[in-house]
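In case you want the letters, here they are:
2 protein chains.
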Amino acid sequence: MSLDIDGSEVDVVIAALHPNLTTFLEEWRPILSRYHLIILKDPDMKEELQIPSGFDHQVYTKVDMEKVAGQTSINFSGHSSRYFGYLISCKKYIISIDDDCLPARDDQGFLVDAVAQHVTNLSTPATPFFFNTLYDPYRKGADFVRGYPFSLRNGVECVMSCGLWLNIADYDAPTQAVKPDERNLRYVDAVLTVPVRSMMPVSGINVAFRRDIVGPAFFPALRLAGEGKCRWETMEDIWCGMCAKLVCDHLGLGVKSGLPYVWRGHGVDGGDALESLKKEWEGVKLMEHVVPFFQSVRLPRTAVTAEDCVIKIAGMVREQLGPLDLVFKHAADAMEAWVKLWKAAAPQSQINS
Amino acid sequence: MSLDIDGSEVDVVIAALHPNLTTFLEEWRPILSRYHLIILKDPDMKEELQIPSGFDHQVYTKVDMEKVAGQTSINFSGHSSRYFGYLISCKKYIISIDDDCLPARDDQGFLVDAVAQHVTNLSTPATPFFFNTLYDPYRKGADFVRGYPFSLRNGVECVMSCGLWLNIADYDAPTQAVKPDERNLRYVDAVLTVPVRSMMPVSGINVAFRRDIVGPAFFPALRLAGEGKCRWETMEDIWCGMCAKLVCDHLGLGVKSGLPYVWRGHGVDGGDALESLKKEWEGVKLMEHVVPFFQSVRLPRTAVTAEDCVIKIAGMVREQLGPLDLVFKHAADAMEAWVKLWKAAAPQSQINS
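First to last, the sequence lines map onto chains W and E. Throughout the first sequence, residue numbering follows this note's numbering, covering 2 to 354 in sequence. Throughout the second sequence, residue numbering follows this note's numbering, covering 2 to 354 in sequence.
These are computed hints drawn from the structure, not numbers from a lab. A few of these clues could be false.
[Said to hold, decoys possible] Derived lysine-lysine pairs resembling PhoX-like cross-links, with alpha carbons at most 25 Å apart: (1) K141/W <-> K180/E; (2) K180/W <-> K141/E; (3) K68/E <-> K341/E.
All chains should be modelled from the sequences, with the hints used to inform the complete structure.
The following block contains the structure:
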């Protein structure tokens, strides 16, 4: 893995859903102390944030969010606060990690530098147009397998990197309720490109992307009526990921999945999966509308930027999914509002930087 | 991994390109002695085969191949001899392993039972219509990730299982020439479904499939003018794999890739990659015609069996690729001849069983 990462190109975004970030940041210190941290205080949180010294960071609160997005349909509460960080950043790479995750160790016991791995994923090409059975061909010790067309070996720009989780996997509430004691202990030492037109559930727990290319496609749009503070009570990242993958596919850009792992513990508000089932069921049902939509949707050739694509998707969501559930109409509104905010924030980001 | 494998449902097919199978079979004895082996003697080989005792096996030679396929355009020489084994088998599962491969050890040093892993892959569902970031959700300790649609969690029948290689990876001659000392040492402990409509280079070195469902899609059709006895001098499995994946996609069947690994050594006829480049270059160029064809080809709804699909593909290959290179016209002829042979062989297999 390359260690020549230019820290000035990276913002690490942390949505603080817990007031005391001491354990979290102390564990991450060897990795995160090199980078600028954008810390978002959940607007619903009353307590003061506790942040240990020695980190180059900036905290944004409800006041900042209201100043920028007050009159819009955008809601930054809970996990969605991280999107405010994406908006006000002006860096090339965004790395986003949930505050209930600690650094993982690889299968040889070494601490995983999740930031370096994400940046490596994003700065080497992706290969969405032909599957390489030997995983990431750009990794040291790997290459393209026999029969892989030479004309496709340059790959395409990789703009999204989806990391995984050891210990508590990112299951939904029903699965968590059925298998409360299951732990993900298998360290799969691989990165692979998710093929074009393959739909996928992107998780917001441990994810990175090229803000300069697909930033506008990372938005808080789908909010469940009974949304909670546990990951399994949210769908915001799943919806955003479906849209972002569609944007990447349309623009000929790549998405990778696999490394880096983070170690995911139960947060203090880890939650009760059985209790959450009441809320989550709404999200589970929504997905059954979402799948046929994304299976069939095609963007017009005139959409040549992420902003264009998001506006087009919003229009089709309103038209095709809006009549099925109000949550989709709200999502379409929020996506359009997001693109406006993004365009307005662009010069401001430059000033802040 | 399930150990309750019914050995009577499995044929292990071994194309003998080397006369002395003693080392190969002794190393595989703990795994292969439970199964019936179909051993194909390369019709170009003059020497007597050496097979250690204690294996339930049947050897087929040039005489058998000529009796069954003598008047057709099918050529069973070299690696293609294995296809004769697929034809005369009457089992549910075919496992095919090159005779220069030995059993691998997993990342904890345990011997990998490649047959059991292939049968496990084939007897649990595949999930081609939505990508699961946690790899094979049916594996012990794994499941579907949050956001995976419940309506797709039953998966589909898995009919092809593509294993990998430790030590010498399956590179083409140019890559092998550029990186002669590279070894694949990374044991990636994962199985995943290759998504629908994702093209892939299937290797014949370590592969398994459901003969009863997609057997007719495994044929020796594309033969390079200067085809040799090293894997990198052949394209027969790459072409067959592209067709088989298309058949699976059309019929809504699944393909998995990943485990099991085999340990791949240099055979005594390991070959000289630089010398092979002269031959291989033909195959590399052919792939550039093949990719746009498979990107655009769609089978009609009337094709509802593997046989139907192969006949339809053969017709389109003759029409669209035939004018570009004679090798494609020959491939189309061989595919049609194969389906005829397959239909004719079916009752005979029943008698042999």
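Results of checking the hints against the structure:
Pair hint K141/W plus K180/E holds up; C-alpha atoms about 12 Å apart against a cutoff of 25 Å. Annotation: proposed proximity of K180/W to K141/E holds, straight-line Cα distance about 12 Å (limit 25 Å). Restraint check for K68/E and K341/E: the C-alpha separation of about 15 Å stays at or below 25 Å, so the hint holds.
Comparing the model with each numbered hint stated earlier shows that all of them hold.
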